[in-house]
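Listed here are the chains, written in short residue letters.
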Amino acid sequence: MKKSLFDKIWESHVVEELPGGSALIFVDLVVAHEITSPQGIIAIERDFEDKLYDPNKIVSLIDHVAPAKDTATAIQAQTLRAWAKRQKIRFHDIGDNGICHVIIPEKGYVTPGMVIACGDSHTGTLGAFGTFALGVGSTAQGGAMLAQVLVLQRPKVMKIEITGELASDVTAKDLILTIIKTIGFKGGTGYALEYTGSAISKLSMDGRMTVCNMAIEAGATAGLIAPDEKTAAYLAETTLKPTNWTSLQPDPDAEYDRTVTIDGATVRPVVTWGTNPGENSSIDGTVPADAHPESLQYMGLTVGTAMKSIEIDQCFIGSCTNSRISDLRAAAEVLKGQKVVVPTIITPGSVGVKRQAEREGLHDIFQDAGALWTHSSCGPCLGMSVGVIAPGTRVVSSTNRNFQGRMGDGGRVHLASPQVVAASAVMGRIASPSDVPAAREKVNA
Amino acid sequence: MIISGPVLPIPNANVDTDQIIPAKHLTTIDDSGMGEYCFTGMTNGRKMLDEHPGAVVWVAGENVGCGSSREHAAWALLGVGIKAVVSPSFARIFHENCYTNGLVPVIVDAELIPRFAAAKTITIDVENETVQADDDAPIAFKLDPARKPFVLGGGFLKYLNSKIPAIRAWEAKRAS
Chain Y
62 MKKSLFDKIW ESHVVEELPG GSALIFVDLV VAHEITSPQG IIAIERDFED KLYDPNKIVS
122 LIDHVAPAKD TATAIQAQTL RAWAKRQKIR FHDIGDNGIC HVIIPEKGYV TPGMVIACGD
182 SHTGTLGAFG TFALGVGSTA QGGAMLAQVL VLQRPKVMKI EITGELASDV TAKDLILTII
242 KTIGFKGGTG YALEYTGSAI SKLSMDGRMT VCNMAIEAGA TAGLIAPDEK TAAYLAETTL
302 KPTNWTSLQP DPDAEYDRTV TIDGATVRPV VTWGTNPGEN SSIDGTVPAD AHPESLQYMG
362 LTVGTAMKSI EIDQCFIGSC TNSRISDLRA AAEVLKGQKV VVPTIITPGS VGVKRQAERE
422 GLHDIFQDAG ALWTHSSCGP CLGMSVGVIA PGTRVVSSTN RNFQGRMGDG GRVHLASPQV
482 VAASAVMGRI ASPSDVPAAR EKVNA
Chain V
57 MIISGPVLPI PNANVDTDQI IPAKHLTTID DSGMGEYCFT GMTNGRKMLD EHPGAVVWVA
117 GENVGCGSSR EHAAWALLGV GIKAVVSPSF ARIFHENCYT NGLVPVIVDA ELIPRFAAAK
177 TITIDVENET VQADDDAPIA FKLDPARKPF VLGGGFLKYL NSKIPAIRAW EAKRAS
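Chains as they are written, first to last, in my numbering: chain Y, 62 to 506; chain V, 57 to 232.
Just so you know, these hints were derived from the structure itself, not from any lab. A few of these clues could be false.
For lysine-lysine, the following DSBU-like pairs were computed, each having C-alpha atoms within a straight-line distance of at most 30 Å [as the list claims (entries may be wrong)]:
no. : chain 1 : residue 1 : chain 2 : residue 2
1   : Y       : K302      : Y       : K69
2   : V       : K103      : Y       : K112
3   : V       : K204      : Y       : K118
4   : Y       : K291      : Y       : K168
5   : Y       : K146      : V       : K219
6   : Y       : K400      : Y       : K369
7   : V       : K219      : Y       : K149
8   : Y       : K149      : V       : K103
9   : V       : K103      : V       : K139
10  : V       : K219      : Y       : K217
If you want the footprint, here are the derived chain Y segments under chain V, 3+ residues with CB under 8 Å [stated by the list, open to error]:
no. : stretch
11  : 241–252
12  : 293–304
13  : 340–350
By construction, the Cβ of each residue, glycine as well, lies at the ideal position given by its N, Cα and C atoms.
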């Protein structure tokens, strides 16, 4: 049988087949952050003499609450910091850190063909480098640090082919939101999504990471893209410059359990109106007639409302989905010479992204526009720190989840691309970059 | 192992782990104390919990536990006395977390959910993989044979620890 990329990675990592379609899968890299790792660390210390399979196969970092916001989160950071020191584990502390799914590729810890596990559901981001990367619970992550394996059900493989080209105003975020809407919020459950096609090839590595990042939002175990010359070029620019990998491709006529084809030219910029990422419409469209009443009630919207008529209270650009340098450049292009009319937070994905943005003067554009330019953290995306929203607050956000209460109790989240968030911040309503009056006209008026 | 007791009927689809336990409570280094915040991220979630004191089985809708990988969702449910979740479909990570924590994941056909949600008592025979609403005939369900031992007796990390020699041998072979 001709093999998919996923099949090849899976089969090269099976340590032992288990009954019922599961296997012990070898893990090449475990990523540990301060929120979900302490429980596994403490269990191993308590029950297994603090022994890890191989500390060199772990990278740890502070990302969710950086720096600590209170005693409890300071203790989380302290736990991780002390453990990394005594185990001699690579550790990115505040000042040298970033959101795990941003900094891990940026530093060059990722190479095609790896299996990567982290106690974080957006770990699939790293599939953009031709890896099988997945989020797991704290106990499973502890198991991967103790014994370097996961117990996993073998997922089926769905080929998602995006043919043709995306229009110039369409982003990777619009593409993945469209994919989720097409296959359904749980349509990827039990599958690894293998993205392919000319529109995927044309995406930058940043864009590919955005597309892989949100595979979990369709329920998928992972998302992945075969490596190519862009992957090689990206890795050559990283801190570690990994060279120990060979090109890994699916067989030309690989068999898939399901194939979904989308014509890239049909994808439009989209914004969510509901309480899961699949509940989205074209930004030029309306809340659809078949919208779930419970979602509309929570969001305070009605059927037929034009997306662009929705007035907003706040904006956020950041998260593991859209906080990389190209995202910030896209936002800066919209915000240059403009003023935001609602509170707007812009959070770079890592210290590296932050410094690059500042070298390019993007921080001046943001701050001249009246936005708050912060240090890197996961904070606002999950309502954990640095910008939790109040009940009823309506935010347009470049993040990944519009769940009830996600960014703060009772908060209402509309997911969109960074450029749409930036345009909305200027207009005070959901808006496209093309809706924003040219900066010079505005000054003259 | 038999689990039997009152039902928590929240059969809404797509109850994500943010609803089960909001992120603001993920600030501990252990797995205790999560029950206090169980369902506080869901509109009327806490009210449902209060109206069903002593519930041991949560009858849930499809795609239960979607979203964040936070194992705190399983710990929160166990913390309020829930021992099993009956649902037509589980999100993958939550499903795995159920197994590693002994929170029994029971998958049944979607059309049976209204009956289970209306039951006063649900009885689950974990060893024999049957689930029963009140005095109805027991219905068969399936557990993953690879993980069933962890639901029955825990020991997930102990099991992996016992595999380390074989894993090291596998890795040495891969390198050669």
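Y:K149 and V:K103: Cα distance at most 30 Å?
-> Since the Cα atoms of Y:K149 and V:K103 sit roughly 47 Å apart, the hinted pair is violated (cutoff 30 Å).
Satisfaction of hint between Y:K217 and V:K219, Cα-Cα up to 30 Å | At roughly 26 Å apart (the allowed maximum being 30 Å), Y:K217 and V:K219 satisfy the hint.
Compare the distance between the alpha carbons of V:K103 and Y:K112 with 30 Å, and conclude whether the hinted pair is satisfied.
-> violated (44 Å)
Are there three or more residues in the stretch 241–252 of chain Y whose C-beta lies closer than 8 Å to some C-beta of chain V?
-> It holds, with 4 qualifying residues against the three required.
Has the given pair, Y:K302 with Y:K69, been kept, meaning a C-alpha gap of at most 30 Å?
-> holds (24 Å)
Stated coverage of the stretch 340–350 of chain Y by chain V [criterion: 3+ residues, CB within 8 Å] | It is violated, with 0 qualifying residues against the three required.
Would you mind confirming whether the straight-line C-alpha gap from Y:K291 to Y:K168 stays at or under 30 Å?
-> holds (16 Å)
Below or equal to 30 Å on CA atoms is what counts here, so check V:K103 against V:K139.
-> holds (19 Å)
Given the proposed pairing of V:K219 with Y:K149, does the C-alpha separation stay at or below 30 Å?
-> Holds, at roughly 24 Å.
Given as covered by chain V, does the stretch 293–304 of chain Y meet the bar of three residues or more with CB within less than 8 Å?
-> violated (count 0)
Taking 30 Å as the top limit, are the C-alpha atoms of V:K204 and Y:K118 close enough?
-> holds (29 Å)
Has the given pair, Y:K146 with V:K219, been kept, meaning a C-alpha gap of at most 30 Å?
-> holds (27 Å)
Checked against the numbered hints listed earlier, the structure breaks hints 2, 8, 12 and 13; every other hint is satisfied.
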